[in-house]
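S.K.: Chains as they are written, first to last, in my numbering: chain H, 1 to 564; chain W, 1001 to 1085.
Errors might be hidden in some of the hints.
What the hints assert, rightly or not - Okay, derived cross-link-like pairs now, DSBU-like style, lysine-lysine, Cα gap no bigger than 30 Å in a straight line:
no., chain 1, residue 1, chain 2, residue 2
1, W, Lys1058, H, Lys336
2, W, Lys1058, H, Lys472
3, W, Lys1053, H, Lys472
4, W, Lys1066, H, Lys121
5, W, Lys1085, H, Lys472
6, H, Lys557, H, Lys418
7, W, Lys1060, H, Lys369
8, W, Lys1053, H, Lys182
9, H, Lys378, W, Lys1058
10, H, Lys28, W, Lys1053
11, W, Lys1058, H, Lys182
To be verified - Cβ-to-Cβ under 10 Å is the rule here; a few derived chain H residues that face chain W:
no., residue
12, Phe427
13, Ser478
14, Glu480
Keep in mind the hints are simulated off the structure, nothing from the lab. Don't be surprised by glycine CBs; every beta carbon is placed ideally from N, CA and C.
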Amino acid sequence: MTRIAATNITSPLGLTTAENYAAVRQGKSALRELDGCLGLPGHFCVGIFPDALRAQVQLEGFSWYESLVIWSVKEALSHTDIPVSSPRTALILGTATAGIGELAETPEKDGLYLAPGLAAKKIADTLGFVSTPITVSNACISGATAQMLAQRLIAAGIYDAAVVCGADVLSSFVLAGFDSFKALSPVECRPFDMERLGLNIGEGAATLILTKENEQADDWCLVDGCLNNDAYHVSAPIPSGDGLARAIRKVADPDRISLLACVTAHGTATLFNDQMESKALASAGLGDIPTTAFKSHFGHTFGASGILEPILTMCSLDEGKILPLRGFEELGVSGKISICSCLQETDKKAFIKTQSAFGGCNGAVLYQKGSGPEAAPKQTLYETVKTVEIDPEGLSVDGQSIPLENQGAALLPEIFKKYLADGSRFFKMDLFSRLAYVGTGLLAKDTLEDSAPEDRGLLICTLNGSVLADRKHLSTFSEEYYPSPAIFINTLPNVVLGEIAVTHQIQGETTLVMLPSLDDACLETLLRTTLAATTPSALIAGFVDCESENVFRASLKLLKLKKR
Amino acid sequence: MEELIEILKLQIIDALNLEGMTPDQIDNDAPLFGEGMGLDSIDALELIVILDKHYGIKLKSPAEGKTVFQSINCIADYIQKNRTK
């Protein structure tokens, strides 16, 4: 249980939580229909900052993403006395694409664009943090992942407080990518509705300041959460909703369900997400709980959404209200759920937030007002059973060099054909994904049979992430406009975790973290807290990084729970 | 028609990264999805890009592509009837 000491929402609807809640309460929406958007041809409906509001937030010498994060964190901090400059205060960011939009304007290295981990360092330095900032990039569930990580780091006693900010910005990069997926609605999105046509992309930042529970205070708390992978397909959720349902069941037993005022759903308004989510909610026993969603006010704000949407729910429950789902008229999903179509009264003070993402990951987080019992950290022992190192020079397994014919990037197809050759999408992957895929494949092959799929986990840390795929995606729409879904999917660095999860049926937690450097101490901290909180029976973890075609490194290990 | 089929196959092999595959290994009548070639939903979207980029044919959604993308012959036939470039 972690206390929420302060919040901020920075969106086209306002620069504080109060402004945003007031706007949403009045039914306002940030969504605008535009012919041509950010230099792209065609008709789009997006949640975009008005110029005047953007000018208040934009800082000189910083990307739009960095500016948004700095504004949101600063405003949230102004409501507390948390010591930013203490080594015991963490900065944790959640983002799907960070400042990727800047890449279009800065094709060479010396522009404003920074890898997300380095952008986080610049933000941390500017705000005065001294701890190493951690950026979670788990596509649309980055917000939930960042909060869970913060809660674990506080519970483990490593930090006293954590500033958690989820943010993403609208860019031609992301817009073209989702356009190639035919996932965009040309009009305001309508989650769960019969007439829904797809999602709208939005932008914004949202911040939670988390601290250890204070029993005196009647504050909102992050009680519990579960993240997992449905191991079905990198860009499509399992139609049964089994992965998300499993996550919800972990955080909501019947006792907890009886306390719930509402569910704040992901509700992206794509045909597949909403259908899957309705099945998951119904099968996890939440079919009768009033369900609302906020994407028709903001569009999909990706990394921000998992933080922004719970904050608005807290505001509404503080008022004793459940807000109606804007734009909803008739249920267009087969799972029997109770969409809140008009303002409802409630005196309950707890809710669940659900999220699902590319890469197959799902998340469910339970929030409640007031204090509760502290979960005791579990004592578990792990042993390293296998290691893999790959760099342009070659491959070694358990410290033994393995003879191969090729060097450089050509090593990876050779390893794949020789040891894995499993009919996966390997040849459609970018270099980063190939490296992660063969590295983890060598560890997972024939070694996971003794663990149940839901007890297998994956944790990968990187610096440069998918930067090579990012540049390739840019080339598909910067002159002629033919964005490619197969290339775009690789620009989300967590997607390879989905590829790995599908192949090896890893259905536990799968997380991608971006750091300012490949820092062993930071990896060790993340590893320890992940093991203590999720107690998988097998976990594959380590670094995977590609700076260029010729400079790359994977350093991975398989850990298993020690049998007593 | 035969020339179109040959070019189309090369475009598909290239865009879908069908490693090590040559045009003569793709059966003109075999189903592209499910069994047969085993393409997936991302590949279907990629085929939409091929039609747009090389033949000036705009499909709105994968659902519209369902009948068109049954086999190489179906796609070639559709291209011949609808191409604008």
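S.K.: Let me make sure I understand: some of the numbered hints might not hold for this structure. Which ones are they, in numerical order?
M.R.: 1, 4, 7, 9, 10 and 13
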